[in-house]
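Please model the entire structure based on the sequences and the hints provided.
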Amino acid sequence: MTVKGCEPFLQAYDIDVNNGDTILDALHKIKDVQDGTLSFRRSCRSAICGSCAVNINGAPKLACKTQILPEFEKHGRLTIEPLSNFPVIKDLVVDFDSFWEKVHKIEPYLTPKESSAKTKDKDGFWIIKKQDALKIDDVSNCIFCGSCYSACNTMAVDNQFIGPAALAKVWRFAGDVREGNNKKRLAKVSEDHGIWSCSRCVECTQVCPKDVKPLIAIEDTRAKAIKAGIKDNAGVRHVESMVDSVKRTGLLDEATMTVKTLGFMRSLGIIPLGLKMEFHGKMPLPNLFKSIKGIEEVKKIYEEVEKKGSRVKAGTHPKDGWGS
Amino acid sequence: MVSHDVLIIGAGLAGMRAAIEAARQGLNAAIVTKVHPVRSHSVAAQGGINAAIGENDSWDAHAFDTVKGSDYLGDQDAIEIMCKEAPKDILELDSMGAIFSRDEKGRIAQRPFGGAGFPRTCFAADRTGHALLHLLYEQVVKCGIGIYEEWFVLSIVIEDEKVCGIIAMDIRTGILHRLQAKAIILATGGYGRVYRNSTNALINTGDGMNLALDAGAPLMDMEFVQFHPTTLKTTGILVTEGARGEGAYLLNSIGQRFMSKYAPNALELASRDVVSRAEQQEIEEGRGIDGCVLLDLRHLGEEKIKERLPQIRSLAIDFEGIDPVKEPIPIKPGAHYSMGGIKTDLSGATKVKGLFAAGECACVSVHGANRLGGNSLLDTIVFGRRAGISASIYAKENNIKEFPDYQLKETAHSIAVITNRRQGERGSVIRDELANIMIKNVGVFRDKERLFAAKEKIKELKERYNHVYLEDKGDIFNTELLETIELKNLLTIAECIVLGAINRTESRGAHFRLDYPKRDDETWLKHTMFYKKDDEIKIDYKDVAITKHKPMERKY
Ligand SMILES: Cc1cc2nc3c(=O)[nH]c(=O)nc-3n(C[C@H](O)[C@H](O)[C@H](O)COP(=O)(O)OP(=O)(O)OC[C@H]3O[C@@H](n4cnc5c(N)ncnc54)[C@H](O)[C@@H]3O)c2cc1C
Ligand code: SF4
Ligand code: SF4
Ligand code: FES
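Here the protein sequences come in this chain order: A and B. Sequential numbering from 1 applies to the first sequence in the numbering used here. Sequential numbering from 1 applies to the second sequence in the numbering used here.
Hints in this document: simulated from the structure, not taken from any laboratory. Incorrect hints may appear among the rest.
Unchecked claim - Within a straight-line C-alpha distance of at most 30 Å, the following computed DSS-like cross-link-like pairs (lysine-lysine) qualify: (1) B:Lys448 x B:Lys261; (2) A:Lys231 x A:Lys120; (3) A:Lys120 x B:Lys142; (4) A:Lys129 x B:Lys448.
Computed from a predicted structure; not experimentally measured.
Put into structure tokens, the structure is as follows:
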């Protein structure tokens, strides 16, 4: 609860619950009968408008889609709080201003490429093949509920990070065969606080109620940026150092990698961030790695890949990455 | 005081489409909306948007289906415009980057919909509204149109019979603001929350219709409320007509495809009013299951369900615990769409100078007594665009008017009266009683007795409304206050629906009187007009525009 002139506090309510009732039903029951002052956002009550995301037992979820009983049975309690990483306005209502600012920053609209007889039919409609449409199918499901933004670990330490929802939206356009402005778009999100700032913790993909998979979108965007030759940034140097690290040791030495990525002086500069990351349980302990068994295998794989002249696609396996 | 050339109230499809048009005309346009644009109810539209873009289809055929679907109450000049302009509007959405589902050749796919003689519904899986609303939001951002987000409009200010602006509350601070405008477009959507079983968002409370009445602009055909045949049992959440378009069956408790009795040719794809009545009759005659009939998708196969109806599948699983791949879904009719609304001409103009309307809150009328699925999204785009253009022309020809001070004082006072009340009744009680009586007495089947009982009840609830009190006395995000203002709008809308339904002693489209089961063109081939005078609703009638299609018996 937020009450004017008072620190936020938790308030307990008792309610009767029917099988199938959602958290949103509970909030309405409380508001209608017990406490008219309780404020929360809601509109569609069918998981499509993105209004009602809140933290339920610590995890961001849509109140309208989450059933009470299974949630209660799993946790033995029901704590409903406002989303994290957003300033609170009142009770469960949070301030989305910076969320939207970031969405706007990525220029969230298609800049159509020049069309030809191949790309458009005689009536002027775009021709889009199914496999091309599929590339942006997941990201086009985003409802801007903010759940991913709330769960994002990078966001917690870098509030300028553009965030998983806006980055998924980048891929919505970058992955669209009709887009004609990719070079600029990709360069822009390769800057600081963009695609390369994501620590690949997979939280966004895990909490998303619409299966948008922002992390996959981020990785697809990274790959596309590299392919487009946009390499002069910390993120790409990081990936290159990662490739190097794996080649040398078969393991990732993340502490060494930070130094390589940013150069020594700036590496010192990011120590506070490192400490913050540790606080969130994300900082890898500096390690003097011994090579793992089978390092010869790893080296061979890299040699093969390099021989073929192809580039390792940046992180196609979200769960295997560093920092997870 | 801030002023704009064109002020658009509502950020659904109609509002944003209108705003884009005003911005294109080089005007200073801004949108005021009580929720962030993408939270608007257009986002929930599932099945699709109609346009005759198929090889062998024609706008003429589309127009005829629409006229017939409207049970001949739709104005044919307006219907012709909508159907003729539809293909170009779809083309424009496509070039903006809309994500429409495609056929094997990569062209926009079209599915069959109820009451249509041709598969002419374009769609984005079963998330068409989401795809289009996000698309228009993107375009609004691109055009740099200002948005007063989470501002609640309380009144439209009129001086000398012309608009001069609005008064709106910034929900975050509770502060009332004046915004001046040369032209105003209402695009506030429907009122589905008048009914207990409704597919509509909780924010659909008919605010704009009441604002228009107060400003002196009449409403039209309010007795025509569409009940959608397939809504989920416990939540009323919609299962798109696209499900039947893809081939789903309706079954009763003894496993019959009962639509063969009611619409031998069109079966499940008869017009919505026909299907809803058939279901209701099956249920009332004892062939329902727990107040529902069944929608069976199983024979479509898992792959098709996942590709074409993915959202329906997750909604059924998440909200009803049923996987349509394995089990039929229990469904029943629920309030869905408002055919009636603020009366406008073909350019979106209302009776008040400078005041325009578009989308579900408006009534041109293209839907008459019953709307065809896929025609409402089209209505928002075609007439949103048209209202945007004509409001812009009006704004170019007129100046900003002086904003009278007393209006702000009056509005502030009317709110203070509610917030200062120390005791009384909670608004939620009145809201629930209203929603219950409306579904029970003013639903799919109506008769004199039930309608009069509803009228009495609404009178009582209106009286009780004068004693509503709030527990939340705060300024910041006071949603209890907003709900109370919305309740006032719901009460007015309900009264219009009931009065219109009492007078109309015939059955046409979605308005079915058990005591007058026949259509009566002689007396009732006309529109009902609603005016507000001294807080009383007055009724009048108006002719229907008929061009090509003389009324015929309607069979599916
Ligand atoms: C579940 C569902 C599915 C549907 N599926 C289809 C379909 O497949 N095909 C089809 O053609 N039609 C469909 N419809 C109908 C169609 O979606 C709606 O009629 C249409 O989207 C309405 O759009 P709109 O722009 O008029 O209003 P809305 O999208 O409802 O927008 C209203 C706007 O007004 C604002 N507003 C309201 N009151 C105030 C106020 N007091 N102050 C400030 N702002 C205010 C709101 O914030 C909102 O932005 C469906 C409807 C429902 C309920
Ligand atoms: S990506 Fe998913 S979690 Fe994030 S805003 Fe979109 S829908 Fe919500
Ligand atoms: S994977 Fe990246 S964007 Fe997603 S939550 Fe983790 S840090 Fe944030
Ligand atoms: S209320 Fe719309 S997503 Fe929950």
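Ascending list of hint numbers which this structure does not respect: Violated hints (numbers, rising): 2 and 4; every other hint is consistent with the structure.
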